[in-house]
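Counted the way this note's numbering counts, the sequence shown spans residues 7 to 296.
Just so you know, not all the hints are guaranteed correct.
Unchecked claim - Below, in silico cross-link-like pairs of lysine-lysine (DSS-like), each with a Cα-Cα straight-line distance of 25 Å or less:
| # | residue 1 | residue 2 |
| --- | --- | --- |
| 1 | Lys296 | Lys278 |
| 2 | Lys147 | Lys134 |
| 3 | Lys147 | Lys289 |
| 4 | Lys162 | Lys147 |
| 5 | Lys134 | Lys108 |
| 6 | Lys39 | Lys70 |
| 7 | Lys108 | Lys70 |
| 8 | Lys162 | Lys108 |
| 9 | Lys39 | Lys162 |
| 10 | Lys289 | Lys278 |
Stated by the list, open to error - Restraint ranges, calculated between C-beta atoms of paired labels, are given here:
| # | residue 1 | residue 2 | range |
| --- | --- | --- | --- |
| 11 | Glu167 | Gly55 | 48 to 56 Å |
| 12 | Ile142 | His59 | 25 to 33 Å |
| 13 | Asp215 | Phe295 | 40 to 48 Å |
| 14 | Ser81 | Glu257 | 29 to 37 Å |
| 15 | His232 | His269 | 19 to 27 Å |
| 16 | Leu125 | Lys162 | 34 to 42 Å |
| 17 | Ile142 | Ser175 | 41 to 49 Å |
| 18 | Arg169 | Ile207 | 17 to 25 Å |
| 19 | Lys162 | Ala285 | 35 to 43 Å |
If you're looking for bench data, these hints aren't it; they were derived computationally from the structure. Just so it is clear, the structure is predicted and the values come from calculations on it, not from any experiment. Note that the Cβ used here is the ideal one computed from N, Cα and C, for glycine as well.
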Amino acid sequence: MTNELKAAGKDRLEAPESQDGALNEGDAIGTGKGASISGRGLTKVFGTGPDTHHALGPIDLDIKPGEFVGLIGPSGCGKSTAMLLAAGLEPVTEGTIEVDGKPLTAPISEVGIVFQDHLLLEFRTAMKNVMLQQEIRGLDKRTMQARADALFAKLKLTGAENRYPWQLSGGMRQRVSIARALVHDPSMLLMDEPFGALDAITRTQIRHDLETLWLETRKTVLFITHSIEEAVGLSDRILVMSNGPGTIVDEIHVDLPRPRPAHLGEYPDFAKYAQRIYATFEKLGVYNFK
């Protein structure tokens with residue numbers, strides 16, 4: 007971790023543990039380093055009666071502290087639902103989930119989330135969008151400002167602090183949303199197709215910048231994507247999901263050196279990993295190349 011981020015991360019607020027050992031709303035999970043995520047038989051069903059929709063599962067999740075895990079699958083398979091379960095934003099219908107060994111029973115605060123849409127407030131500048139975390143959470147302003155400044159520098163946003171979202175490119179807006187997700191030093195970073203709306207050149211650069219930040223901070227990352235290149239380019243491990251209701255049909259350990267190059271084709275093994283995912287999708291009927 008860089009000296010700037012280390013220094014800015016010294017002051018942290020931690021909530022006390024609940025009496026029963028479960029994680030309640032707002033509880034701290036770890037110390038800013040990566041948290042573990044463990045799920046057993048996770049199933050999500052929305053609605054009741056004739057309106058019932060079986061969205062996910064059952065699936066098992068085992069994500070180690072500081073691990074970068076990619077979750078890839080066809081549209082409608084429940085990837086985003088799995089992310090919401092991991093954050094405690096949706097209750098499980100069946101199964102159990104633990105974060106750092108504690109049952110997850112409510113939304114947790116020490117998590118950063120990045121969606122495909124940047125979701126920035128148009129009436130706030132880039133920096134004020136990031137510092138909204140400080141206002142809402144009641145964290146030390148000087149500490150948070152130091153972290154925000156360091157993140158702006160790392161994410162190549164220096165000079166954009168006082169610009170409004172409409173004055174920023176799509177790539178810059180998404181960089182601001184990443185800074186907002188990380189400024190409070192969470193233990194987990196959950197990303198739901200964060201590069202899906204970006205052009206290919208911008209996606210490649212932000213993929214590199216995200217990997218660089220992750221190598222310095224070692225947050226636990228659950229990265230949802232439709233892109234095989236993104237999954238292989240970023241992940242330590244890839245979980246491949248079936249059509250909905252999604253189950254995990256393959257687990258791929260990506261053994262490529264880091265940091266990974268912009269042109270992943272430089273690694274002969276990249277094609278091997280990509281072909282394995284393509285072959286799985288062909289078997290599922292997601293692709294039909296005949």
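Verification of the supplied hints:
1. Lys296 with Lys278: Answer holds: Lys296 to Lys278 is near 20 Å, not above 25 Å.
2. Lys147 with Lys134: Status holds; Cα separation ~12 Å.
3. Lys147 with Lys289: Not satisfied, since the Cα-Cα distance of roughly 53 Å exceeds 25 Å.
4. Lys162 with Lys147: holds, 22 Å
5. Lys134 with Lys108: Since the Cα atoms of Lys134 and Lys108 sit roughly 34 Å apart, the hinted pair is violated (cutoff 25 Å).
6. Lys39 with Lys70: At roughly 11 Å apart (the allowed maximum being 25 Å), Lys70 and Lys39 satisfy the hint.
7. Lys108 with Lys70: Holds, at roughly 14 Å.
8. Lys162 with Lys108: violated, 37 Å
9. Lys39 with Lys162: Measuring from Cα to Cα gives roughly 23 Å; hence the hint holds.
10. Lys289 with Lys278: At roughly 17 Å apart (the allowed maximum being 25 Å), Lys278 and Lys289 satisfy the hint.
11. Glu167 with Gly55: 48 to 56 Å: With Cβ atoms ~51 Å apart, the hint holds.
12. Ile142 with His59: 25 to 33 Å: Taking Cβ atoms as reference, Ile142 and His59 lie about 32 Å apart, which means the hint holds.
13. Asp215 with Phe295: 40 to 48 Å: violated, 33 Å
14. Ser81 with Glu257: 29 to 37 Å: Since the Cβ atoms of Ser81 and Glu257 sit about 21 Å apart, the hinted range of 29 to 37 Å is violated.
15. His232 with His269: 19 to 27 Å: holds, 20 Å
16. Leu125 with Lys162: 34 to 42 Å: violated, 20 Å
17. Ile142 with Ser175: 41 to 49 Å: Violated, at about 26 Å.
18. Arg169 with Ile207: 17 to 25 Å: holds, 21 Å
19. Lys162 with Ala285: 35 to 43 Å: holds, 37 Å
When each numbered hint is compared with the structure, violations occur for hints 3, 5, 8, 13, 14, 16, 17.
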